[in-house]
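Model the full structure from these sequences, guided by the hints.
2 protein chains.
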Amino acid sequence: MNEKQATSLRILDAASKRFLHYGYQKTTMAEIARDLSMSTGNLYRFYASKLDIAEELALKSENNEFYYLEQILTQNISATEKIRKFIFKLFKDTFDQLNENKKINEIAQVILNERPEYGLRRLAREREILIKIFCEGVLNGEFAENNNKEDLMLAFQCATMRFRIIALPYLHDFEKIAHELDLVLDLLIAGLKYKQD
Amino acid sequence: MNEKQATSLRILDAASKRFLHYGYQKTTMAEIARDLSMSTGNLYRFYASKLDIAEELALKSENNEFYYLEQILTQNISATEKIRKFIFKLFKDTFDQLNENKKINEIAQVILNERPEYGLRRLAREREILIKIFCEGVLNGEFAENNNKEDLMLAFQCATMRFRIIALPYLHDFEKIAHELDLVLDLLIAGLKYKQD
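Each protein sequence line maps, in turn, to chains A and B.
For the first sequence, the numbering used here begins at 939 and goes up steadily by one.
For the second sequence, the numbering used here begins at 939 and goes up steadily by one.
Treat the hints with care, since some could be wrong.
A pair holds if it fits inside one copy or across any two, identical chains being indistinguishable in the list.
Unchecked claim - No farther apart than 30 angstroms at their CA atoms in a straight line, the calculated lysine-lysine pairs in the DSS-like style are these:
(1) Lys988 x Lys998
(2) Lys1023 x Lys1114
(3) Lys1030 x Lys955
(4) Lys942 x Lys1133
(5) Lys964 x Lys1041
(6) Lys1133 x Lys988
(7) Lys964 x Lys998
(8) Lys942 x Lys988
(9) Lys1087 x Lys1030
(10) Lys955 x Lys1027
(11) Lys1070 x Lys942
(12) Lys1027 x Lys1087
(13) Lys1030 x Lys942
(14) Lys998 x Lys1040
(15) Lys964 x Lys1040
(16) Lys1070 x Lys988
(17) Lys1070 x Lys998
(18) Lys1133 x Lys1070
Hint data in this document are derived by calculation from the structure and do not stem from the laboratory.
Written out as structure tokens, the structure reads:
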């Protein structure tokens, strides 16, 4: 790691502390610079905006999450179990994140509103894994063949989006929502097994 | 209609105009009373709070929507077409409402946050119709039998919730979202047809 990369990491760390403590909107670039005994002008040479810092933080957390999600592919379980585990993990991560610190919610909302392409890219990245799981399930006879895997997994993703939507009402009741997700997955997996005429 | 009912309607009408023009939060009970040349004290005899007025307005709009939704049951089309039409109508209504007037969104959000039981009751009312359609589909052989219709239709509802969530990003692109809903309905209906072992 060169000096530039080390400074970038120190900036992310300082910004993250402020965002989680005071909130994204209430943090200024000047404050982050001050925490690092750095001039605001110098900070802007590393990140052109506060939003860029937030996006970089989101990407780091996304990469951690995908490290786990990709592990699911290599596990010695059926494709049905993999797809359930995959979606359940995404739900659990959203749930935990929201309940741990409301300030994370604020950052997520800002990124989704200001950088819609971020969310779309992330969803596409998830679908790549879903498609791999689906193909595996077709190969071993768990799921029916389908000549449009992309659309099918897009549908699967949309149909479980309710368990990812930020600021879900009743988000406290984990057991209730997890049960609803189980019911949805039962129905969707039946849909994947069904052979169209 | 007696005088009390007539006054209630005039209050709803005056409040609705203010909510849609200035927004729910920016409207006060005193302003609604003034529009009707009525004392604020008298207004409170009809509605104990601004939230009660908003809920009554939501219920009126809900009843109009259900008038149409219940018509779907009597149409001379397959159960598959009925269930698609039902969910599509709910999506279209949400979409139109959000794009017509942002102030409606504000009222809806307030009711969902402050009166969660309102949303739950409405969803249960929708499921009653979904269950009727499902039973019809089982009877005429379109769908596989299932001994837990309630849970199955709850799953169907949850899986299409993404098309009902207020403040959806990219809500402008009707065609794109409608296409995604079509894909979701294809998968869900395949799930309803699949015979579990």
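Hint-by-hint comparison with the structure:
no.	hint	verdict
1	Lys988 x Lys998	within (16 angstroms within a copy, 45 angstroms between copies)
2	Lys1023 x Lys1114	both (17 angstroms within a copy, 28 angstroms between copies)
3	Lys1030 x Lys955	within (23 angstroms within a copy, 42 angstroms between copies)
4	Lys942 x Lys1133	neither (56 angstroms within a copy, 60 angstroms between copies)
5	Lys964 x Lys1041	both (11 angstroms within a copy, 27 angstroms between copies)
6	Lys1133 x Lys988	neither (50 angstroms within a copy, 53 angstroms between copies)
7	Lys964 x Lys998	within (22 angstroms within a copy, 40 angstroms between copies)
8	Lys942 x Lys988	within (18 angstroms within a copy, 56 angstroms between copies)
9	Lys1087 x Lys1030	both (25 angstroms within a copy, 27 angstroms between copies)
10	Lys955 x Lys1027	within (26 angstroms within a copy, 45 angstroms between copies)
11	Lys1070 x Lys942	neither (37 angstroms within a copy, 64 angstroms between copies)
12	Lys1027 x Lys1087	both (22 angstroms within a copy, 27 angstroms between copies)
13	Lys1030 x Lys942	neither (35 angstroms within a copy, 51 angstroms between copies)
14	Lys998 x Lys1040	within (19 angstroms within a copy, 35 angstroms between copies)
15	Lys964 x Lys1040	both (14 angstroms within a copy, 26 angstroms between copies)
16	Lys1070 x Lys988	neither (36 angstroms within a copy, 52 angstroms between copies)
17	Lys1070 x Lys998	within (23 angstroms within a copy, 48 angstroms between copies)
18	Lys1133 x Lys1070	both (19 angstroms within a copy, 25 angstroms between copies)
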